[in-house]
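Novice: So the chains spell out like this:
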Amino acid sequence: MGREKEKEKPSEKALNLLRSRLADPNFIFKPLSDSPDSNYSKLKFIISTSVTEACNNSILLLGPRGSGKVAVLELVLSDLLQQYPDVISVIRLNGLLHSDDNCALKEIARQLCMEHQLLFSKVASFDDNSQFMIAMLRECGLAHKTIIFVLDEFDFFAQGKQRLLYSLLDAMQSVNSQSVVIGVSCRLDVDQLLEKRVRSRFSHRKLLFLSPSKEDTERFMEHILSLPVDSSIPQNYTAEFNGRLKKIISDERFKELITTYLSFNFTIGHLVRFQAVSYMDLDVGFLSLENFKTALSSNQRQSKLECIREYKSIHDSSQTSDNYAANVCLRAFEHLLQRQLISFIDNKGHNQSVEFRPVKLLISSAELHQGLKSSHQCPPVTMLRAARTHLENPSAFWLLTPQHLYSVMH
Amino acid sequence: MPMETPRKAVQSPKKRKQSPNNDKSKQPVSLSIHLFPQTPQPPLRRSSRRSLHPFASKTIDQIPDLNRPTEAAEAIEKCNVKSVNTPKKHSKGTLNEEDSEIPELSKLGKRNEEAETTFSPVSPEASESKKRKRGSSKEESVKRLRILKCKLNTEDEEIPELGTLDEGNDEVAATFSPVLPAAAEMKKRKKGQEKGVATRAMSTMSSKKSMEGEKKKKKRVYYKKVVYDGGEFEVGDDVYLKKREDASSDDEVPEMEECRVCFKAGRGVMIECDDCLGGFHLKCLKPPLKEVPEGDWVCGFCQARKLGKNIEFPKPPVGKKRARTLREKLLAGDLWAVRIESLWKEVDGSYWFRGRWYKIPEETASGRQPHNLRRELYRTNDFADTEMESIIRHCNVMSPKEYAKATDEGDDVFLCEYEYDIQWHSFKRLAEIDDDDEADGECASSDEDWNACKEADSDTDEDMEYEEENARNAQARPSTTNQLAANSRKGRFFGLQKVGTKKIPEHVRCHKQTDLERAKATLLLATLPKFLPCRNKEMEEIATFIKGAICDDQCLGRCLYIHGVPGTGKTMSVLAVMKNIKSEVDAGSIRPYCFVEVNGLKLAAPENIYTVIYEALTGHRVSWKNALQLLNERFSDGKKMAKEDDRPCILLIDELDLLVTRNQSVLYNILDWPTKPNSKLIVIGIANTMDLPEKLLPRISSRMGIQRLCFGPYNYQQLQEIISSRLKGLDAFEKQAVEFASRKVAAISGDARRALEICRRAAEIADYHVKSQISTATSSKGKELVTMADVDAAIQEMFQAPHVQVMKNCSKLSKIFLTAMVYELYKTGMGETTFEKLATTVSCICTSNGEAFPGWDTLLKVGCQLGECRIIVCEAGDRHRLQKLQLNFPSDDVAFALKDSKDLPWLAKYL
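First to last, the protein sequences are chains V and C.
Residues in the first sequence are numbered consecutively from 1, following full-length UniProt numbering.
Residues in the second sequence are numbered consecutively from 1, following full-length UniProt numbering.
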């Protein structure tokens, strides 16, 4: 009953709306696409000319992760599919899944068959598939249909003999086909990975996706977070929500907060992941500066230091009074191993007992120091401190074993 | 020659009729279909066309030629054979005796009709109306009676064959025989069924033909060119075809179109309206024109109509009907156009051809689309055999390119850009470079059954006999009985004909290309230039090599190794040479050869090359081991598999280096064959590396490395020539812009592809600017040229690595991180550093400049992000403190990018 009541609440609705917006790349990237200098319009121009002027093209979309390469591409594709129905077929491949040439060609053939309602055979060989692809490229070209190949994680295709890329790009320069190959990669040097013949056939169009400027960021925040006036949410609530939001955004502290947040990663994807919205208090019903602060602090957690503090719970569970009991220590040691704060030096000696295998410390002494300052009592901390003393004595470091640690600890 | 004579005999009586029948032309299309009793149904194409029965008149017509006794005897014998033959043929086609009479009947019917119109004393209009009346009402009732009658006098059947020695007589006789057109119509349908049989028979025949070519007797004789009725008809010609058998008699075809205003032909220059295609005398226009204007011209009537006025064309003077030209009739659907695919003489001496129909836009499923041109036709994938008698005369169906060039080919010029699939109702562009061999080869294998199936599909109103034929055909039908996957190729891909647009998209046709767009199109890598500049020497060398190898009587195998960096025209040159040689083969100056092209990078494994070669040579697919054995037999042991194997074989292997295996056996085998005495194999290998032969085993390099040809990188003049030869006639580029691009590329790689792509990209950039200007409506109309700035932008995009921009734009921490890396590098002089050292440096830098140190975890993440972009190279993040890091770009780049960053000015200290 209570839940039903809550559903009525405008704040609930607003939250839902904001959440759905944050999950929808189309909405996020729409406002950034209007200017003629934006990647959106450039990309759209390139693809649409190849649709209307019947030419082949190849483009690379480069940029760090989270800069919206695929999102913009999808936006362009959905627009073009609307604009030119029936003449565009999109083949999507992902380097992580189809980096093997054979499997990539099979996938292309499968998607082409799906698209044109043809029968697909799983057992077709590499040759069959590649000839089928070329035949389809030709037929589609003759029928004024454009095939768009989207190769996500393009760098994985640029491995080995690069047969797939070669046959794709070679087909584009010999038969009268009409296709666009779009590579998406976060590696900036991906065109250097191409083999020389493939590189020669590649058209070297590149679109670079960069982070937005500071002003854009603010505009963008406002665009996402402010509620639309014409929706089912009550007018007065919307007005107040937007008013408060404006106040927050214009606040100096908020600007500082955002700068700190973005100092780490300056992309839109990162900005969207700023979870301030999920900290919104439904009872208050409005976003507040506090929400943003909590979100920021939750983002800046130093996980390793938190790991160190976890010993307490291990100790509690073993129920001994001795803080340094051997079994507790061992468990703590295993815990550290699992958390990969320490790791075995080599892969040898699997049959040996854990206690006798040499380990190395993966966190630096400064970090350790910081961690130790926050908690004094825990044995693993001591254990690590012991390790640290060893660290300062580098010759001994490589021989660090649990046995050794025990001795140092006691 | 005999082929002309009979036609004339037939022709003469028809000529007589032509004048009275002229009036038919003025009838509206829809009416004409229903009103003439011959075709009360919507046109059943094949059946009605077939209804011109071959033998009745034909065989007899040869009799006047009696002066040569042997021929006459033969003719008579043929007559007899024919008359005996027909029933046999029918029985094969599961038609019964009754049907066998019907062809004769149809003849009668036709004759009768003709005669009626000819000799009836009434005026043409009167006869017309009479026929009209008769059309539907009497038809049904009379039909049965007619058939019965015909069956009764079986002797009648012989009348056309024996009793009549001249045409006139025949007609007179026919006049009195009371057969009505209705009966004729009915027979025609039956004919349609018969036809299925004929095609089947023919298909088997033609397939056998190659094997038993010697057995001439009662065999079809195929021709390339036939002189028929005074016209020369060649395979590949386009002709008008009568839709009904009386179509030719229907009127006199005016050679000259009449003016739409004064209704007189000739007399002065005429101009054609681009909209209604009507012809006008220049001086009949208001105001009169002095000369034919450039570009499109639309007549005043059409203009008025477009403005919404209701204007009628001037009516012809009373008593004079406006004669329609064949073109008008075709576009109105009263005629057909076909392309002759093959010509032959039947056993009985009649001439037949297999035609490929053209369709007018109205006949397609999507109807006339707004962008269809007036004179546009579609080529279909529909074939039918027709007697040559129904040909009216030549017409001219052209590709858009030819059409644009055509100036005064006359009225019978049509445009055909698309092929229409009558089964799927879809359109496909005709391939520009018409690879006829391929298409024909495919046709030859599949046509017959294909056609037969389609008939089954379209002629649903056929009767029982045909059903059986269907059942037989069904097995050959790929689509229904056993569906085959599209991508697994057992001979060919299935279902590809499904691919096609339902409608031709408007943007393709209605768009007028600007100069920039045209420039972009010609700069495409896919557009083949007409000639290849700058490679004359190399091409000559290749040509002499190949010709020397082929024309050598011994035809000892040879091997040529071509090397050069990518984009220097190696493959293109070889293919161009092969094309030239092929045209010489066609001309007959060189003996035929076979050409196999293999690309090493497109093979799944090097061994597959055997399969590919064997398939290309014989058309069979076998496993590579089998193929190797067979090829060995052929090339080494000189065992010939078929007759054509005697031809020399040219094998072009692109990307030869991909065939190198561990023990190099593939290359060895291939290069060993040419050395065998009877191999007649010529291998041309193409690769990038100059010293590939030296890298191989000595036994291979001694076989391959003898004759080499080097394709050097292009220098800037050559690149410039290549680009400007493509841009000839287009005013799209500034002269310096082309030179700039070619100099730049020549300095870097000399790759022609790269140069073309730069220019294309530059044109694209310019085009983009133009178009975005137009959209913002602040266009300054002027000649848009690709400027230096555009080329520069394209070059920047192509050659400049994007890392500087990314570094400039990255987050604050990343900048600090990179600075620390550079600092560390300066300090230690070591390229590689660990995360621990770096973190201390970062914390030092941060504290001394009043920045908050973000913590190790965050820093690690930052490092990994930079690693993902490959600005730095780093190990996986789970090595934490021990992670090794290294800059991926020179530290100068980092310094350049970060020196003047606005938010962190102190970075410059450390760089």
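Hint data in this document are derived by calculation from the structure and do not stem from the laboratory.
Where a beta carbon is used, it is the ideal one built from N, C-alpha and C, also for glycine.
Certain hints may be false.
Taking lysine-lysine and the DSS-like style, the derived pairs with C-alpha atoms no more than 30 Å apart in a straight line are [said to hold, decoys possible]:
| # | chain 1 | residue 1 | chain 2 | residue 2 |
| --- | --- | --- | --- | --- |
| 1 | C | Lys547 | C | Lys579 |
| 2 | V | Lys360 | C | Lys579 |
| 3 | C | Lys579 | V | Lys196 |
| 4 | C | Lys225 | V | Lys42 |
| 5 | C | Lys771 | V | Lys196 |
| 6 | C | Lys345 | C | Lys219 |
Under 8 Å between C-beta atoms, here's a sample of chain V residues computed to sit facing chain C [said to hold, decoys possible]:
| # | residue |
| --- | --- |
| 7 | Phe45 |
| 8 | Leu62 |
| 9 | Ser130 |
| 10 | Glu139 |
| 11 | Ser167 |
| 12 | Lys196 |
| 13 | Lys206 |
| 14 | Phe220 |
| 15 | His223 |
| 16 | Ser226 |
From the derived model, a few chain C residues whose C-beta atoms are all more than 10 Å from chain V [said to hold, decoys possible]:
| # | residue |
| --- | --- |
| 17 | Thr501 |
| 18 | Glu764 |
| 19 | Pro802 |
| 20 | Met830 |
Novice: All hints, please: hold or fail.
Specialist: Hint by hint, here is what the structure shows:
no.	hint	result
1	C/Lys547 x C/Lys579	holds, 13 Å
2	V/Lys360 x C/Lys579	violated, 69 Å
3	C/Lys579 x V/Lys196	holds, 28 Å
4	C/Lys225 x V/Lys42	violated, 55 Å
5	C/Lys771 x V/Lys196	violated, 34 Å
6	C/Lys345 x C/Lys219	holds, 9 Å
7	Phe45	holds, 5 Å
8	Leu62	holds, 6 Å
9	Ser130	holds, 6 Å
10	Glu139	holds, 4 Å
11	Ser167	holds, 5 Å
12	Lys196	holds, 5 Å
13	Lys206	holds, 6 Å
14	Phe220	violated, 16 Å
15	His223	violated, 21 Å
16	Ser226	violated, 25 Å
17	Thr501	violated, 5 Å
18	Glu764	violated, 7 Å
19	Pro802	violated, 5 Å
20	Met830	holds, 18 Å
In this structure, the hints that do not hold are numbers 2, 4, 5, 14, 15, 16, 17, 18, 19, in rising order.
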